[in-house]
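Visitor: Each chain, written out:
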Amino acid sequence: MPFNRDQMAARLADDVPEGWCVNLGIGMPTMVANHVPPTREVIFQSENGVIGMGPAPKEGEEDPWLINAGKQLITLARGASFVGHADSFAMIRGGHIDLCVLGGFEVAENGDLANWATSENDTAPAVGGAMDLAAGAKRLWVIMEHTTKDGRPKIVERCGYPLTGLACVNRVYTNLAVLDVVEGKGFVVRDLAPGVTLEEVQAKTGATLHTQ
Amino acid sequence: MINKIVQSVADALAGVKDGSTVLIGGFGSVGQPDVLIEGLIEQGARDLTIVLNNAGSGRIGVAKLMDQGQVRKIVCSFPRSKDPVVFETLYREGKIELELVPQGTLAERIRAAGAGIPAFYTATAAGTLLARGKESREFEGKAYVMERALKADVALVEAWEADRWGNLVYRGSGGNFNPIMAMAAELTIAQAQHIRELGELHPHMIGTPGVYVNRVVQVDRGGDWLKPEQV
Numbered sequence: 033m034p035f036n037r038d039q040m041a042a043r044l045a046d047d048v049p050e051g052w053c054v055n056l057g058i059g060m061p062t063m064v065a066n067h068v069p070p071t072r073e074v075i076f077q078s079e080n081g082v083i084g085m086g087p088a089p090k091e092g093e094e095d096p097w098l099i100n101a102g103k104q105l106i107t108l109a110r111g112a113s114f115v116g117h118a119d120s121f122a123m124i125r126g127g128h129i130d131l132c133v134l135g136g137f138e139v140a141e142n143g144d145l146a147n148w149a150t151s152e153n154d155t156a157p158a159v160g161g162a163m164d165l166a167a168g169a170k171r172l173w174v175i176m177e178h179t180t181k182d183g184r185p186k187i188v189e190r191c192g193y194p195l196t197g198l199a200c201v202n203r204v205y206t207n208l209a210v211l212d213v214v215e216g217k218g219f220v221v222r223d224l225a226p227g228v229t230l231e232e233v234q235a236k237t238g239a240t241l242h243t244q
Numbered sequence: 024m025i026n027k028i029v030q031s032v033a034d035a036l037a038g039v040k041d042g043s044t045v046l047i048g049g050f051g052s053v054g055q056p057d058v059l060i061e062g063l064i065e066q067g068a069r070d071l072t073i074v075l076n077n078a079g080s081g082r083i084g085v086a087k088l089m090d091q092g093q094v095r096k097i098v099c100s101f102p103r104s105k106d107p108v109v110f111e112t113l114y115r116e117g118k119i120e121l122e123l124v125p126q127g128t129l130a131e132r133i134r135a136a137g138a139g140i141p142a143f144y145t146a147t148a149a150g151t152l153l154a155r156g157k158e159s160r161e162f163e164g165k166a167y168v169m170e171r172a173l174k175a176d177v178a179l180v181e182a183w184e185a186d187r188w189g190n191l192v193y194r195g196s197g198g199n200f201n202p203i204m205a206m207a208a209e210l211t212i213a214q215a216q217h218i219r220e221l222g223e224l225h226p227h228m229i230g231t232p233g234v235y236v237n238r239v240v241q242v243d244r245g246g247d248w249l250k251p252e253q254v
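Chain order of the listed sequences is A and B. Terminal number for the first sequence in the working numbering: 244, no gaps in between. Terminal number for the second sequence in the working numbering: 254, no gaps in between.
Hints are computed from structural coordinates only; laboratory data are not their basis. Only a predicted model underlies this, so the values are computations on that prediction, with no experimental measurement involved. Among the clues, some could well be false.
[As the list claims (entries may be wrong)] Where chain A lies over chain B, by a calculated footprint (3+ residues, C-beta under 8 Å):
1) 84-96
2) 140-150
3) 196-209
[Claimed, not checked] With a straight-line cut-off of 25 Å between C-alpha atoms, the simulated SDA-like cross-links for lysine to any residue are:
4) B/96 - A/215
5) B/105 - A/198
6) B/157 - A/198
Glycine included, each C-beta is placed from N, C-alpha and C at the ideal position.
Bound-form chain A, shown alone (with noise of 0.2 Å):
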């Protein structure tokens, strides 16, 4: 049985240890905060300057001066901190993120990742802090469906969709497999979803698979 978005992003969850600053893009990414156990101390940082989110808040209990970089309303962790824009940006720029998880259109063998623009789309694309995420943390994990709806590959040799960073991408959660992209050598399955055959995540990938 492939992960549905909930399992994917537990299963994500499960391995971000305690002590991690994570930043969390918008979409699938976000749903991650809700499976780490409140035990676990992980920062959550957004870019638009609150470092330490909490959950979302109770009806009835909503401060419109607290949304997340979705924009949508949240609430502070005992120890959160605000900054302005220019300072949240040099922690994600200067390299204190320890893990940052985003969508993506495609993942490329080389950790190449294109998830801002598409040539379907002729609205204007928007590229928020994507690129500077890409750039800056220092790890990067992505958090996707295995194929498009239309049954593409979305894990290719070469990325065909304009770039959001070069090489930058570590590891792949999918509703079939968590991939860890290695240098020099491509995708390496480091798990599968239950009942789910290698050769059958193979089939939907567009790049060979290695096996550790």
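Using the hints, position chain B against chain A.
Guide: Positioned in the frame of chain A, the structure of chain B alone reads:
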């Protein structure tokens, strides 16, 4: 006596010229100087270049400013929103120019302008479409892109509290682009929910020293949930 407090939004925006580059604070709606944006629409300056993170939503605020034909160019990182109808229509019809800038580069370009740094190198966007046409250079074996400071004529910022020196205190995540934008313009105009007596604002809490601020206007955004004790 130093007194930067002006009595009306119209006074706050007096003299903004056609063709100005205007920095607009905020991340989404948080920290966005809504009342000053409305004031700029009233004031009527045209042919503007506006610099902000998002390209507006619906038909209010920044979207309305664009809808009125006052904006020639927008510099931003994320022109998508829940309802980007105005920007997308103008963009598709070729009636507005877009300069897309990675968010951290946008912040740093503004900060650099305020700090007197004409340009800097960053790894962000190296090797991508957004580095095209820009000077690049290798440091310690890694590729960097040269980015230039982004100076402006006017900055519109939003704060929770202010005093007559123009000192500003931000609330929650409402700081975001405001402190650096306040530094990077010839004329910095702030809207603040509360005006405090000089000395009442704790020096450690002041996010923008008044030196960077030219005018302050008090605006009541209303709502009993906006109490300082809830911060």
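Visitor: According to a criterion of three or more residues whose C-beta lies within less than 8 Å of a C-beta of chain A, is the stretch 196-209 of chain B covered?
Guide: Holds, because 8 residues of the stretch 196-209 of chain B bring their Cβ atoms closer than 8 Å to Cβ atoms of chain A.
Visitor: Go check the stretch 140-150 of chain B versus chain A for me, would you? Three or more residues, Cβ under 8 Å, otherwise it fails.
Guide: Our answer is that it holds, as 6 residues pass the Cβ test (under 8 Å) against chain A, meeting three.
Visitor: Does residue 198 of chain A lie within 25 Å of residue 157 of chain B when you go C-alpha to C-alpha?
Guide: Holds, at roughly 17 Å.
Visitor: Mind checking, does the stretch 84-96 of chain B have 3 or more residues with a CB under 8 Å from chain A?
Guide: Violated: only 0 residues of the stretch 84-96 of chain B have a Cβ under 8 Å from chain A.
Visitor: Checking one constraint from the list: CA of residue 105 of chain B to CA of residue 198 of chain A, max 25 Å. Satisfied?
Guide: violated (30 Å)
Visitor: Would you check the hint for residue 96 of chain B and residue 215 of chain A, treating anything up to 25 Å between C-alpha atoms as holding?
Guide: violated (42 Å)
Checked against the numbered hints given earlier, this structure breaks hints 1, 4 and 5; the rest are met.
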